[in-house]
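Enquirer: Residue numbers (numbering that gives the first Met the number 0), protein chains in the order written: chain A, 0 to 124; chain B, 0 to 157.
What the hints contain is simulated information worked out from the structure, not anything from laboratory work.
Taking lysine-lysine pairs in the DSS-like style, the calculated list, with each CA pair at most 27 Å apart, reads:
1) A:K19 <-> B:K26
2) A:K85 <-> A:K19
3) A:K85 <-> B:K54
Every value quoted in this text rests on a predicted model; they were computed, and no experiment measured them.
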Amino acid sequence: MSGFEIRRKDDGCVSTLYIKGFLDAHTAPQLERSLQELVNEGRFRIVVNFSELSYISSAGLGVFMGFIETVRKNQGDIKLSNMPPKIYRVFDLLGFPLIYEIYEDERQAQEKFAGSGTSSVEDGR
Amino acid sequence: MEQENTYRLRIPSRTENLEIIREFVSKIARNAGFSEEDVGKIQLAVDEACTNVVKHAYDGDTQKPIDVAVRLDYDRLTIVVTDEGKGFDPKAVEISDIAEYLAELRVGGLGIYLIRSLMDEVEYSIQPGVRNQVRMVKYFGGSPERPPLSPRSRRAQK
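So here's chain B without its partners, still in its complex pose:
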């Protein structure tokens, strides 16, 4: 367990699999000692990232894979969602002012905005047709500056 702290799930790119992905990620986050509120944030962020893959990466091809990797470190949980689809420009769908955006009754891009709001760090690496990744980090205790806590004291703190 100590030498391997990454959990992997490869699953076909279909909306019906979102639930399995959420369960997978939630169980790991919960066991690691995150609060229910944080578990909720993590599973929603991962759902949004995977929904984007299902909706946009493969033009509806439900045979193609989504890879979800969850890595547990002493101070953080890192989730990497990878696809081999057509990719996108994260800057092009960035919402700078949510109130203004909503006033226009637009919808696309809300997922990406949510991921940014829910996670402590978010990074995209896009290589269309080769490997597109979104890497999301959640720190225990919410802040990277906090001193590391053991899993037991993490639980006690929540």
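Looking at chain A on its own, in the form it has when it is part of the complex:
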């Protein structure tokens, strides 16, 4: 059976989640838990690297929607990176690029945080 895995890397004040496999209504709670942990720890500068994600449904997209408000209220953001074209198409269909910054490479996303001081980044696209 294919599954879903999350790896986390903390670098200074930025945390990067590496998500792998299939993100659907069955596996979305795992991502929810990981994001909740970050929020509980007060880590609001989050990059999500999609390079190894094979599949996403609206249940997975909904998880990001569930956290973005809290994270931005705390001067943070959820920035997305390394999205395979197939995954990007789903984000695009739903208009998510209007809400989320999507970067080709995780380093760009991480550097964006580094350059943002303590203020939130709203228009880094």
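We have chain A; now place chain B onto it with these hints.
Expert: What follows is chain B alone, placed relative to chain A:
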């Protein structure tokens, strides 16, 4: 094979079964000659329809069934997802302006919006507690107006 071109799957309404449903539908679509991009769209649309059943139709009862029927015709693939749950009003969850909707950071209804975006035709038939169906159609070549193609030329075209 010629006389029976409908494939059926009856499966308990649980999120862990979404993968089996996606595999089932993808294999049929791929064998029928759809491009990988279209196979991806079809499996996502079916996932969304079945996720809605698991989340909303039976109030979390994981013993109840989801029926998935895939019918192959010369010009199209038709998928019907059926449940016997409480049903819903598709109009009530329709998103007219996705940008406006997202600006409010809402989530519910995205699945139904996706299904409409991914498939060529979508139709709901709701009879709460009796039979609720979503019927989704994908045409070979993307447009209903196109002349019919044989399976072999379909593949060659992709």
